[in-house]
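Here's the letter readout for the chains.
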Amino acid sequence: MGNAKNYNLIIGGAITGIMLLFMLTGFFYTPHDPNIMNAELKFAGISFNHPFGNDNFGRDLLSRVMVGSFNTLYVAVLTVLCGTFFGVLIGALTGYYGGIIDEILMRINDTIFAFPSILLALVFVSILGSGRNNVIIALGIAFIPGFARIVRSEFLKHKKMDYIVSAHLAGIGDLRIIFRHILPNAAPVLLPAVMIGFNNAVLAEAGMSFLGIGVQPPDPSLGRMLSEAQSYMFRSPVMVLAPGIVLILIILGFSLLSDGLNKRP
Amino acid sequence: MKRKEAVRFFSAMVLISLTIALGGCSGDKQGDVSSSVITVGLPQDIEDSLDPHKAVAAGTREVLFNLFEGLVKPTSDGDYIPAIASDFTIAENGLVYTFALRENVKFHDGSTVSAEDVKFSLDKCADTSSGGPLVAAFANISEVLILDEKTIEIHLIEPDTEFLAVLTTAIIPASNPNPETNPIGTGPYAYESRSPQENFIVTRFNDYWGDKANIEKVIFKIIANIDTIVMDLEGGSFDMVPRIPKSQADELSDSFNILEGTMNLVQALYINHAAPPFDILEVRQALSYAVDPFEIMLMVSDGKGAEVGSSMFPAFTKYFIEDLNNFYSFDVEKAKELLSDAGYPDGFSFTITVPSNHAQHVDTAQVLVEQFKRIGVTANIELIEWESWLSEVNTDRNYETTVVGLVATTLTARAMLDRFHSENRRNFNNYSNPEYDVNLENALASADDLMKTYYYKECLRILTETAANVYIQDLPDFVAINKKFGGYEFYPMYIQDMAKLYIVD
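Residue numbers (our numbering), protein chains in the order written: chain A, 1 to 265; chain B, 1 to 505.
Since the hints were derived computationally from the structure, they do not count as laboratory data.
Think of the CB as a built atom: it goes at the ideal place given N, C-alpha and C, for glycine as much as any other residue.
Treat the hints with care, as some may be off.
[Stated by the list, open to error] Chain B side only, calculated, beta carbon under 7 angstroms to chain A, not exhaustive:
no.: 1; residue: Asn206
no.: 2; residue: Thr378
no.: 3; residue: Ile381
[Said to hold, decoys possible] Partial list, derived from the structure: chain A residues whose beta carbon lies under 7 angstroms from chain B:
no.: 4; residue: Phe28
no.: 5; residue: His181
no.: 6; residue: Pro217
no.: 7; residue: Ser231
no.: 8; residue: Pro237
Let the hints inform the model, and build the full structure from the sequences given.
Right, here's the structure in full:
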């Protein structure tokens, strides 16, 4: 594998880069106001002014997909950040120290892990109320156990290794060992997991919006747009295709990227 | 044409995959019985009560209409015909109603309707022990007398020209201990079973006194997802879905008839007057000026719909005042001016709570958000489940504004207007206006129909002038029904009459 080019990494990186650029542009600039309605352009097809056509309210689909994918990205990034941060913290501490705290936390972890994450998030949303930030909290919590497990198993493996034992003998403090010595060594396993987690978060956000919780109308998100497009699938296929293709590209990009990271020598 | 082929191809694929997936467990249920079964889509579950006297949601009442009847029942022309009574006379002073009961009207459990059952039902609805009578107009009953086995006399305290309309109140057997879970009535259909969140099944009542229903079984099935109605209809999950959005009606293939009527409701942005800044008249008026109902109709129903200016729908011509439609004609400048007068020159922000199961209301809310933006007011939409809407908005009154349609439970002006009385328990608007209360009380007390109409119209005028709500429209009603079935009739009320349907050969 040493000499072969890592095509997964290259293609994945390229797609992800382009999609990130697309989404971030949506934050600063859109060709049209994504929420402005225009009765004359209801279900209008692809045109020079509106490259992706218009939806059932005559809103510009390109602008909506841009803003929508940014909203989706925003939820996904924060969800993964939240999941990774607490996952690493819990995994590192329980894996390193072990003992009764480890047992308790990991059993709670198992319990959360046993629920489908969407169902878990639904329960949280029904308690906290819907809305973008609550969905982030709900999905974030649902994502913690997966990361915690991965990090914990890495810590269990590394803490018995010679370099850690000698670090102990050299009198280096626990926190320094955890975060400076073991964590960087756990990164090769953690990074692809984060990438896959990111994919799952994008899908989960789309799923939550599809169910009508999460981003509230008229603000777009990829899931919301797909959900709204269902009724008009045949009348205006572009309403499904536009958010659908963007969603596929995002997921594809991140999947290839995470594959590529795995194969890295 | 291509699209329709695609529709057929797609539904065929869905059917094939479903047949493969479910073939093992479902057997061939559909085969021979399907000819006398109709599956009707319901936008929400029947959550509130199966007791016809306690049901509040319009969606429940339109289903229970098939199970229960009163002494009289409404027709599709807006008239009243004797039902459980065969005949009635009203004394000249308007205070005594004498009903001769029809011979041999059977309840669904086989027993015969007796004068005691009628008295029991009327007394139950007039009972004030649990805070206000179940049927508000029944507060006017002084006594219900049983003259003999087949004759009943209702005495009123004050004459009431609308009283006949409320006698559509269901007659139920006095002997039924559980009206909440085991609904027994006299209607053309009898209750068979209910599966929460799934369906409500009724079967033809073969001992019905009048013209028996044509179709043997009606399955009212709860629509799981309003966005997939088209696929559900094409795939055969539903034979009929009332009130589908215009855009979905356009998607349906040739195997469905689309009937067009009106929903006979008042769709509005209903305002909680207890939530600031909506206690300020100018704020409400500004919102009214900012809303263009025609733009909403164009966006939501391709321009179909009828403008309303107060709490009365156009089909109720006796009370509908067309002039009120133009009281707040669309005027952005005027709206901004009023906002500055009210002390909000830079606008404000508020929440619109919308039940997520009603596509037309969700779409309307989205257009409203855009329209309010033009006057610098930020509206945020919050979608909630229908059940939460009932408890949060209708019961707890914990909301700022909401987009829904209000209907008349009986064909009376009172049914539309008494909820705005400051002390009415259905007043989820917290609307409180002494002038309105006086006019409403006068209307209720008037024995003379002309005066009564005059006071009701005053009430409507006051609602408009005080911008009680931001009135929008009476929604167009598109009923999608499989071409196998005929005989659908629109009522001037919120009713689905299944007994008139028949199978087309």
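Hint check: 7 angstroms Cβ-Cβ cutoff, Thr378/B to chain A = Hint on Thr378/B: violated, closest Cβ of chain A at ~12 angstroms, above 7 angstroms.
Minimum beta-carbon distance criterion (7 angstroms), Ile381/B to chain A | holds, 5 angstroms
Go through the hint on Pro237/A and say holds or violated, using the shortest Cβ distance to chain B against 7 angstroms.
-> Violated: closest Cβ of chain B sits about 9 angstroms from Pro237/A, beyond 7 angstroms.
Can Asn206/B be said to touch chain A, with a Cβ gap under 7 angstroms?
-> Violated - the Cβ of Asn206/B stays beyond 7 angstroms from chain A, reaching only about 40 angstroms at its closest.
Should the interface hint for Phe28/A be scored as holding, given a Cβ-Cβ cut-off of 7 angstroms against chain B?
-> violated, 20 angstroms
For the hint on His181/A, does the least C-beta distance to chain B fall short of 7 angstroms?
-> violated, 49 angstroms
Have a go at the Pro217/A hint: is there a Cβ in chain B nearer than 7 angstroms to its own Cβ?
-> Check passed: Cβ of Pro217/A comes within 5 angstroms of chain B, closer than 7 angstroms.
Does the CB of Ser231/A sit less than 7 angstroms away from some CB of chain B?
-> holds, 5 angstroms
Violated hints, listed in ascending order, are 1, 2, 4, 5, 8; each of the other numbered hints is respected by the structure.
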